[in-house]
Amino acid sequence: MVLAVIVLGVIQSVILLQFDWFGGEASTAAKPIDTLMDVTIVLSSFIFAIVCVALGYALIKWRAKPGDEGDGLPIHGNTRLEIIWTIIPVIIVLGLAGYSWAVLNDVEKTDADAMHVNVYAQQFAWTFGYPEEGNKWSEGELHVPVDRQVIFDLQAQDVIHSFWVPEWRIKKDAVPGLSTDVVVTPDKIGRYQLICTELCGIGHTTMRATVVVESEADYQAWIKKQSQEVPEDLLLTKDQFYETQKQNEEKSGGIEGSGVIEE
Amino acid sequence: MAVAIRQPGWYRGAIGTIIGAAFGFGLVVALRAISGLDVFQTEQTGYPHVIVPLITAPFGFLIGFGAFDYWFRWAAGKPTVPEDHSGHGATKWQDYFKFNTDHKVIGTQYVVTTLFFFLIGGLLALLMRAELAQPGSQIVAANTFNGLFSTHAVVMIFLFIIPVFAGLANYVLPLMIGAPDMAFPRLNALSFWLLPIAGIIFLSSFLAPGGSFDAGWTGYAPLSTGAPLGQSFFNIGVQFAGASSIATALNFLVTIITMRAPGMNLWRMPLLVWANLSTSLLVVGATPFIAGAQFMVFFDRILGMNFFNFLQGGDVISYQHIFWFYSHPAVYIMMLPGFGIISEIISTHARKPVFGYRLMALALIGIVVLSYSVWAHHMFVAGMFSWLRVPIMITTMLIAVPTGIKVFSWLGTLFYGKIHTYSTAMLFSLAFIVTFTIGGISGVMLGMIPIDIHVSDTYFVVAHIHFVLFGGSVFTIFAGIYHWFPKMTGRMYDERLGRVHFWGTVIGTWGTFIPMHWVGMDGMPRRVADYASQYGDWNLVISIFAFILGAVQLVFLYNMIVSWRFGPKAGNNPWRANSIEWQVTSPPPVFNFDEIPRVVGGPYEYGTPGARHAIMGGEELEVPEPKPTTVTAPS
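Going down the list, the sequences are from chains A and B. Position 250, counted from 1, in the first sequence is what the numbering used here calls 250; the numbers after and before it change by one each time, with no gaps. The numbering used here runs 1000 ahead of the 1-based position in the second sequence.
With the rest of the complex left out, here is chain B (with noise of 0.2 Å):
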């Protein structure tokens, strides 16, 4: 027993953590005190004794975890203890559950744990579609209702589908490149472990007194500034989120940049690691804004700081420029990564070359310059300047171009192909390239001032967000961990019960979020508990596709867990995939490679006789390079 408490572990973080929730309660007291203050507050207002050891306690259970051992150690000058490799991999279940440095034990860490918040976020948008199943106010109180749909979009936005791309290029991608694993292992464990302490902050908001927060995710200033103590969970929350998003971007951006095998030179990279290039160029520009906007609205809550207090010369719009010059951002870094997924899987399943490589690859980096210049499109009504809103019309309309060129060169891809549309992923995928271009085509209605005007905060929006996250992102998260799956488990999922979940979440999907698109433009507003009754029937209509789509993912996370266990082994290369992540075993070696893989060509030579995107270590390396030979397609 002494010994598992002095063994960085669960021993060790459970009393951190109460060491340190301690030291913050203990801070407040000794510092109210010290100022001559009640040290117990008779009438509440910020909540100093549960805010600072809300702050406090996470460190405490990183530091007992052991995220910072060796790098404790080496600022003070003590012998670091060398890395033995032993906890490496996992060969046991409980080695998930410790502090890992393998970046393939980190991407199914993050991918578990962010389908397990995909739940949790799921539950509670299918309570929001049990109340507004019916006209009138049945199941939960307005103020509940506000506390669901805001915690309903930052568990899926900031638990879910960012970190779940995260997760899955933090399998794939090292493996891609040819490297041993990320640039900073350490690093990379302490951004996964920073991912459930934000859940946990956000969940644990329900127990506040005054519920959970409630300003929607959005947060708007002085809503938020004034609202009761949930809200600070969220402020804090983010804090988190973001330092895990920030660390993980840098990680990739490192590792991308100087870990490429020998030969792989920036046209020879896979699609995928372009897109996480892209995304990540996008996280370490974009999240400090939200950090920063979370950290100010905190301020003014706890400390009267008054940066949005208009009583004192705050600005209120400034919340929402700030605000938004991430959150716009945002929704490309929950989108590009999922663009190289989509690239990957088609590439593969239709036996093609991508078509316009290169121009796929700079669409991502002209999306990432563009969507830099978009944010205020959220603030068309909003009382901005009213001369900031043409020009932003103008480069919201143009950044659907290059999104358009993708959409364009994955149908281009298929043409002259062989298709092959056994495998789910290849499903997900031809189905997302439809539904990404409805939310893509309404995403154009809504960057139009006048139509925006009208269809602002209405259910419009809900359809389009909904179109382009979930027919947009969460199609391409499943096709990707349909995808890798064999190569992550090294066993195969039930591809029958694999379509049953497609077909199943394409029809809830249309089925749920096209009649918002009607509800919206003819007059509901968004974020409402109730409504005018002529909405009645199609709000159930919704509600149960929205029950359909909710009940089909149990399908899915019964194919995953029972696949994972029982399924028939799934070979190296179940996909016949070029990229250099299925030329080794499933699931790979501890080190991936015994040696660095020798890349000779572009990764997506298929049809070509003799082309190699790469010669293992290992192989005879008489292979000679092969001119791609480029053939004119017959008219």
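The following block holds chain A by itself, in its conformation from the complex (with noise of 0.2 Å):
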């Protein structure tokens, strides 16, 4: 029995690791989160062996004989065992959620030179603010310079959002009324999808955008050729911007104007 959840579980980690689960990587944390995935699943498939094989093993020798009308044998325990088998999983839970700790506070270490980018989410769409370089903005599609951690600040404007390009392996929900921030390192030139990942009503399918990694050289380029001023509304502050929209409801009277009700 022991031979047969060695070779199941074998078996299983074998086949389990050879696909890419997470698809492309593209930041410094999609390395320490898919290593931390691919121990999880030989774990787990040694695991999910023992079940099987345990149960298929009860199956074939203990499967009662046709006609058989007696019972089996009055075993009601064996705290031994039960101990194991509490003890165990406890070292293995506590293991994992040790390790995952540890690759959290990796992915989420932040330089001192990290550069800032905003980050505006609103039904439907998103809207980028690039304050570093004489707040310079773009619309639908964002650009960041490869190999250099970016910050992004999370701001929505009437629902939560959610921020999420798979490759970089981060997400964080945009909240209204409260600043929430995002840490990531891309490390691949490329073009990938940000996509909106909380429910926010209709739009909420297609509110997605681009992202470009390129080089610095490019990303400078890039930036100069933004020379739209930002939109008034995007250039407020967090604060600035809730006033208005304060001031604008009190005009209106009531929550219907507060621009969260979409119809």
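Simulated from the structure, these hints should not be mistaken for lab results. Where hints are given, some of them may not hold.
Below, a list of computed lysine-lysine pairs in the DSSO-like style, where the Cα atoms sit at most 27 Å apart [stated by the list, open to error]:
| id | chain 1 | residue 1 | chain 2 | residue 2 |
| --- | --- | --- | --- | --- |
| 1 | A | K61 | B | K1418 |
| 2 | A | K65 | B | K1418 |
| 3 | A | K65 | B | K1098 |
Covered by chain A, according to a simulated footprint, are these stretches of chain B (three or more residues, beta-carbon under 8 Å) [as the list claims (entries may be wrong)]:
| id | stretch |
| --- | --- |
| 4 | 1375-1389 |
| 5 | 1423-1437 |
Predicted model, so just to flag it, every value in this text is computed and none were measured. For each residue, glycine too, the CB sits at the ideal point set by N, CA and C.
Using the hints, put the two standalone chains together into the complex.
Below, the structure written as structure tokens:
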């Protein structure tokens, strides 16, 4: 039985590790997270193998013969076995939790010289502000240089949205009335998709934006071309923005005017 | 006719509904007139003319239907009408459409009603899968789609999984503990009748201007506070479904604590009773939180109260904390009764005592305690305090331990047994162990913050929740229905059709929900009506299996209906089980027992010669209490 568990566990692990489950990797966070996933897959394969082999073994070995009306052995339990299958899972999950914690600290570490980008989410569009480049802005297309840490400061103007670039392995909700941020170091040049993953209304499905990771030189060339001034609404600090919203609401008299309602 | 109107029943119920609705409508009109507002709004905002009658009409129905007659008389100091028990039990099908206080009738009412809602929820799911079979938009528009998955989840959770367990336990539990009925039969009947009301409110939201509620079953603020009228139907419907759960849970608690037969101490209770004890503790503690959360959204919408209005100092994240403080324990409310069912069935069909019975009971209590401390794992990317994440991750992963204990103990029960697999109930129980293990493993993955950050709000979560709730809860529900069908109807179902249903369900479940893990990890978000074309092939596969899964449920339905009517007589104890409900006739007599049984041993004493769980009334009481012998396994 032990042999069967090991064989099945190994076979499962090998098969499952062949696949690139999380898709392309394009940030420094991807590698440690994917390794964590691989470790979890191997451990899970063995646990699943134990359950399957034990079940299969029991079914083959102790299936009642037709017409056998007898009972099984009156075994009520085995304290040693019960302690073992309590303690070992505790050790496994605490180990995985510790490992996850280490990975979390690793991927969320911020550099002092990280670049800041503002992300404005609204139904159903993304807008990006580049405060370090003289308040340049872009709509529906996010550009960042490769190999430089970026901190995205997220703002939502109406309902909750969520900022997810699958290849970066990061996700964070943009919450109205709250400051959230998320840190990432893109390490692969390319075009990716930014997906809103928090249900935000009718247009949720199509609330996407393009993400362009490019060399520092390309980035500088691109940002120079962005000559527009940031629209007044976006330039406001969060407090100012909500203050304006509030005044509008009071003028229109009620939650209807807050812009929260889509109809 | 005049008599019919004065008697509690459907005529008086219909009149009560009309009076209730008229009262609510009149109240709005009168109050608006007094306040100097337009009697009818020209610019619709909160729709008070719809909302208030929506609350008052159900009460009118319940009063008319007779749910409060006894209590009103008592409260008014009038002589109460003593129960003559003429309405007890059900002799013809019309009896199931009455305000009946017999726990067995209520149990059947629950199971049939919830299976009806299971079909409705399933049809909503199939509509979604039809839309998602191909990339692009073919069948429903995006806003309708949002309404579909929201109502699908709400119907399945509040009108199927939670109440069907209450229904099964309603039927079986009093019999199992040797009680003549539940502790509060009238409250029990009221709990049931709140349920169809909640169902009608949820489903009628499709008729509301702006469509049904479409902010997900989670109804996150501020999307829900700003949504069209349908959202208020959700807010109100949840109150009725929640009141039903809470009342039933209180009923179970009092019944289990005070009405066990003599001799049934805590360690002689069948594990199904333990499971319902734990579930009821969760329901009573947690359900008020969702009621509160939905009231707060409702007040924000209707009365401008600004609990979650960020422009007026409201806190958007606090909605999620209150919501998940109910809704994570709710996952265990939907799972623990199933654990109880599986323990009964596996022990009976393996002809062996449940392995580690006491640890199994303690694991249930452990899950109850831990489940109150894990709610925020739904919010790892929500922008809550970041320090809260790691403690919640640790409790989340620890809750896998008691769950693992249960899986290993079921396996231990099979070892050295005599396993019979002729029963569809046993097949579902065995399949449950495997599918639920997958759901548990993906749950541990979701508990690990770095993995959760990537896969939260993707199809991976959809896969996980369906492996837990379909591969877990619904499998146990099927197992439970097949197991107690002979007891409830007195007839046997067709095992061949049962096996068709079983294999179809297993293949359908795996085919539908396994690929969802893959597309989710690869980058497909959930709650979307359309997706990138690279996921087209897998989505087609998922949809095909979903339709297989849906179609095979018709076999189940046919089997149940036809066997109920024409099945061969089942006999009292077709599974040769030990627990008390199998020692009475099938279906049981109206008052369960002529004489309360006396419990003399544990519920699972298979294999110990002469061991008894209970001595039934009328039997010779000379059987000595046997000492349970523990045999060590040959190594």
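So, going through the hints one by one against the coordinates:
Only pairs whose Cα atoms come within 27 Å are accepted, and K61(A) paired with K1418(B) is accepted, the gap being roughly 9 Å. Distance check on the hinted pair: K65(A) and K1418(B) sit about 8 Å apart at the alpha-carbon level, within 27 Å; holds. Under the criterion of a C-alpha separation no larger than 27 Å, the hint pairing K65(A) with K1098(B) is inconsistent with the structure, at around 47 Å. Only when three residues or more bring their CB closer than 8 Å to a CB of chain A does the claim for the stretch 1375-1389 of chain B stand; here the count is 4, and the claim holds.
Counting residues of the stretch 1423-1437 of chain B whose CB lies closer than 8 Å to any CB of chain A gives 4, which reaches the minimum of 3, so the coverage claim holds.
Violated hint: 3 only; the structure is consistent with all others.
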